[in-house]
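By the numbering used here, the letter at position 56 of the sequence shown is numbered 56, and the numbering carries on one by one without gaps.
Check the hints yourself; a few may be wrong.
As the list claims (entries may be wrong) - Listed below are the simulated BS3-like cross-link pairs for lysine-lysine, each with C-alpha atoms no more than 30 Å apart in a straight line:
#1 Lys48 to Lys82
#2 Lys51 to Lys82
#3 Lys82 to Lys52
What the hints contain is simulated information worked out from the structure, not anything from laboratory work.
On a predicted model such as this, the values are computed, not experimentally measured, just so you know.
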Amino acid sequence: MIDIEWFRFRRQDDVFIVFGWRTAARRVAMLSLLCHVCRQQAAHPLDKLTKKFTLFFIPVLPLSTTYQLTCVACGTSQPVMKDAAEQLIAHPDSFTTAAAALGDPPVPTV
C-alpha cells in the first residue's frame, strides 16, 4: 500500500525543467549565381541560421550564428563566412558564381 502523505510530500519537492536549443533560419537574400557543382545558373538563397538556447521552449539567448548558401537546382549547401555574407547582401550583383562569392578559386569550364 502506498503512503499517501509521503507521496504528497515528495511531489512538492520535485523540479521539472525543460531546456534545449533550436535553430531558426531566416532568408536574408535571394541571389542568381552559377553553381560550381551542377554548373547551372540558378537561384541561391542566402539564409542566416541562428542557434538559440531555449528554456521551456522559449528562446532565451543566441548561441551561434552562421550563414548558408544553397543551390535550388541541385540542393548543394555551403557555409558562408560572415564577412562574405555581408558583402553578398551589400553588393549582390558583383558576383556571378557561387565559388567567387565564397572566395574559392574559379571553376574550370568543361
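Hint-by-hint comparison with the structure:
| no. | hint | result |
| --- | --- | --- |
| 1 | Lys48 to Lys82 | holds (10 Å) |
| 2 | Lys51 to Lys82 | holds (15 Å) |
| 3 | Lys82 to Lys52 | holds (18 Å) |
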